[in-house]
Amino acid sequence: MAQQTSSTTREGRAAIGDTLVKVDNLKVYFPVTSGIIFQRKVADVRAVDEISFEIRRGETLGLVGESGCGKSTTGKAILQLTRPTAGSVVFDGTDLTKIKGGELRRFRRRMQMIFQDPYASLNPRMSVGSIISEPLTIHKLASGKEKKERVQQLLQTVGLNPYFANRFPHEFSGGQRQRIGIARALAVEPDFIVCDEPVSALDVSIQAQIINLLQDLQDQFGLTYLFIAHDLSVVRHISDRVGVMYLGHMMELTDRDSIFENPLHPYTKALLSAVPIPDPDVERKRERIILLGDVPSPLRPPPGCVFHTRCPIAIDECRARRPDWRNVGTADREHWVWCHRV
Amino acid sequence: MPLLEVKDLRTYFYTQEGVVKAVDGTSYVVEEGETLGLVGESGCGKSVSALSILRLIPQPPGKIVSGEIIFKGRDLLKLDEDEIRKIRGNEIAMVFQEPMTSLNPVLTIGRQLTETLELHMDLHGQAARNRAAELLEMVGIPEAKRRLDDYPHQFSGGMRQRVMIAMAMSCNPKLLLADEPTTALDVTIQAQILEVMNRLSREFGTAVIIITHNLGVVARYADRVNVMYAGRVIETASAVELYRNPKHPYTVGLLNSVPRLDETRKEKLIPIEGLPPDLAHLPPGCPFYPRCAWRVDKCREEYPPFNLVGEKHYAACWESDRVRREVPVGAAN
Chain C
1 MAQQTSSTTR EGRAAIGDTL VKVDNLKVYF PVTSGIIFQR KVADVRAVDE
51 ISFEIRRGET LGLVGESGCG KSTTGKAILQ LTRPTAGSVV FDGTDLTKIK
101 GGELRRFRRR MQMIFQDPYA SLNPRMSVGS IISEPLTIHK LASGKEKKER
151 VQQLLQTVGL NPYFANRFPH EFSGGQRQRI GIARALAVEP DFIVCDEPVS
201 ALDVSIQAQI INLLQDLQDQ FGLTYLFIAH DLSVVRHISD RVGVMYLGHM
251 MELTDRDSIF ENPLHPYTKA LLSAVPIPDP DVERKRERII LLGDVPSPLR
301 PPPGCVFHTR CPIAIDECRA RRPDWRNVGT ADREHWVWCH RV
Chain L
1 MPLLEVKDLR TYFYTQEGVV KAVDGTSYVV EEGETLGLVG ESGCGKSVSA
51 LSILRLIPQP PGKIVSGEII FKGRDLLKLD EDEIRKIRGN EIAMVFQEPM
101 TSLNPVLTIG RQLTETLELH MDLHGQAARN RAAELLEMVG IPEAKRRLDD
151 YPHQFSGGMR QRVMIAMAMS CNPKLLLADE PTTALDVTIQ AQILEVMNRL
201 SREFGTAVII ITHNLGVVAR YADRVNVMYA GRVIETASAV ELYRNPKHPY
251 TVGLLNSVPR LDETRKEKLI PIEGLPPDLA HLPPGCPFYP RCAWRVDKCR
301 EEYPPFNLVG EKHYAACWES DRVRREVPVG AAN
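Residue numbers (the UniProt record's numbering), protein chains in the order written: chain C, 1 to 342; chain L, 1 to 333.
Among the hints, a few may not be true.
Said to hold, decoys possible - Between beta-carbon pairs, the in silico distance windows are: (1) C:R125 / L:L56: 54 to 62 Å; (2) C:P303 / L:Q59: 40 to 48 Å; (3) L:Q16 / C:R322: 58 to 66 Å; (4) C:S130 / L:D262: 43 to 51 Å.
What the hints assert, rightly or not - Listed next, the stretches of chain C that the computed footprint assigns to chain L, with coverage defined by at least 3 CB atoms under 8 Å from CB atoms of chain L: (5) 195-207; (6) 211-217; (7) 225-235; (8) 276-290.
These aren't lab readings, by the way, just hints derived from the structure by calculation. Think of the CB as a built atom: it goes at the ideal place given N, C-alpha and C, for glycine as much as any other residue.
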């Protein structure tokens, strides 16, 4: 596989295998309505617009982009928390967009999510024990004494004291809360976790603790992650492959080292050059590409390539015609890009 | 003589849980025209120490308990309200983190800009408007003249922060306090804003205190860096020296815990174990003691002095001779 040849696998890391999630032509539009009694649809916010990619078993796929680019919506659409407008999400052979009710719930047990805000994502009126055991109850996985033991075991797994089960979220710091959220996600023994900006709200020293924990858990349980973040340094550290999104479209997707050392898309290049590196010796010699202007509204995305309004190398074709999503790499080292100029 | 000298500043907050020592004996200097980075994690007192300079601490619960803030030879803490108001926004300006909430939503951008110009620069009417348009152009806002009549909600986050910078620079200040100016913004917008701020401060010869938790931003823009922990500056040096040769264990911890964009994956990040201390119940010795990889018994009992450890490089650590970028294995926790 591409990963094993192109990147150093972490020690004891399960091999990266076949496709676990296949996303094909995924579209998520949110209707904009007008009128007081009779709501008419007047426009669509194109949050995610025709993106295709796959996530392989045991890997971490990083998804980066600026706010409003559709990366969180993509994560939610995969989990069917937001139903896609069109396209398919095939999870381990089953198209999730075609099923519902109890059938979908059975798949939900295998897919979990970790949220950005550790303050808002835990119910303040529930004890830590009931927060973590709720998924066990819902999916009828454990009850009584067994459930209690499982909660204590989970708390230990994420590096918290088992006695904390009786406490409430407000008694914990941000980093500890994020650990509680991780324990809740692990409770149902999922295969796949969408991590939506899991460290963005944390201080740097605590960030490192949580990143290390996520990596340990991946090794221990063979988890597959979709890691959504706007911090490119964190994504480079944790991901096997990285996708770059802009205004609802996937711009580039390839293995971690290629995207950071050999970026092809002009947006990826600008994004990378905008990230300051914590080293004055390196930083003061770096060239910067400063993009002009702001991201256009997803209500009225520009025609052709959505990036052409800010692109330093745009030509007439970019303004007129949408690029194709094509692999410019080799069969075993894929490098997908959405640009006329590459 | 330095432009600004903060001496043993203490700002406390009197709360129900006790006295929170947000800034507890902070001293530093800012030279004319230099950019000073103030880094540290949330709650370390970096914002409060900047707000104290302009006496913007809500009182109660806050109070500047002691210390001196000497700006151009005058102690700002001894000025009366009228005198400090002449300095705020005029000689010392500030850019806040939230461009959304720090502009008045019911006044046009033009009005908000001309207000400062009328107050401090004695510019009125058309002259003030012309100057305001010039300022907006300077920070890179297209069609500046027309946009003077727009309200803050008609601007994007990045554009609002540009307006804030235009406002801050309008009176040609000697010192600009920038409190997390780009934290709420996306990286490509962050780069635009920082470039504008950097260019203008160099052009105008304005000294800047940039408060941030982003070590990359500091590495790029700061001449000198203060690292704060639990209400005090624990290390200060030129940016290059600090990153090459950190001498306080907390600085080492910070540098080691951030992944770098230009490095392929190391096996593991080295986090700082444990949690920051509760500022209402600080221990008598070094507050970093419980998380430190180089701690010795002495650190628990006595707060270390601010020692000279290199050229213009000071660190508050008993063991700074031994401190290296490489953390001893299994030393802490």
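Against the structure, the hints come out as follows:
no.: 1; hint: C:R125 / L:L56: 54 to 62 Å; verdict: 36 Å, violated
no.: 2; hint: C:P303 / L:Q59: 40 to 48 Å; verdict: 56 Å, violated
no.: 3; hint: L:Q16 / C:R322: 58 to 66 Å; verdict: 60 Å, holds
no.: 4; hint: C:S130 / L:D262: 43 to 51 Å; verdict: 45 Å, holds
no.: 5; hint: 195-207; verdict: holds (count 5)
no.: 6; hint: 211-217; verdict: holds (count 3)
no.: 7; hint: 225-235; verdict: holds (count 4)
no.: 8; hint: 276-290; verdict: holds (count 11)
Violation of the numbered hints given earlier is confined to hints 1, 2; the remaining hints are satisfied by the structure.
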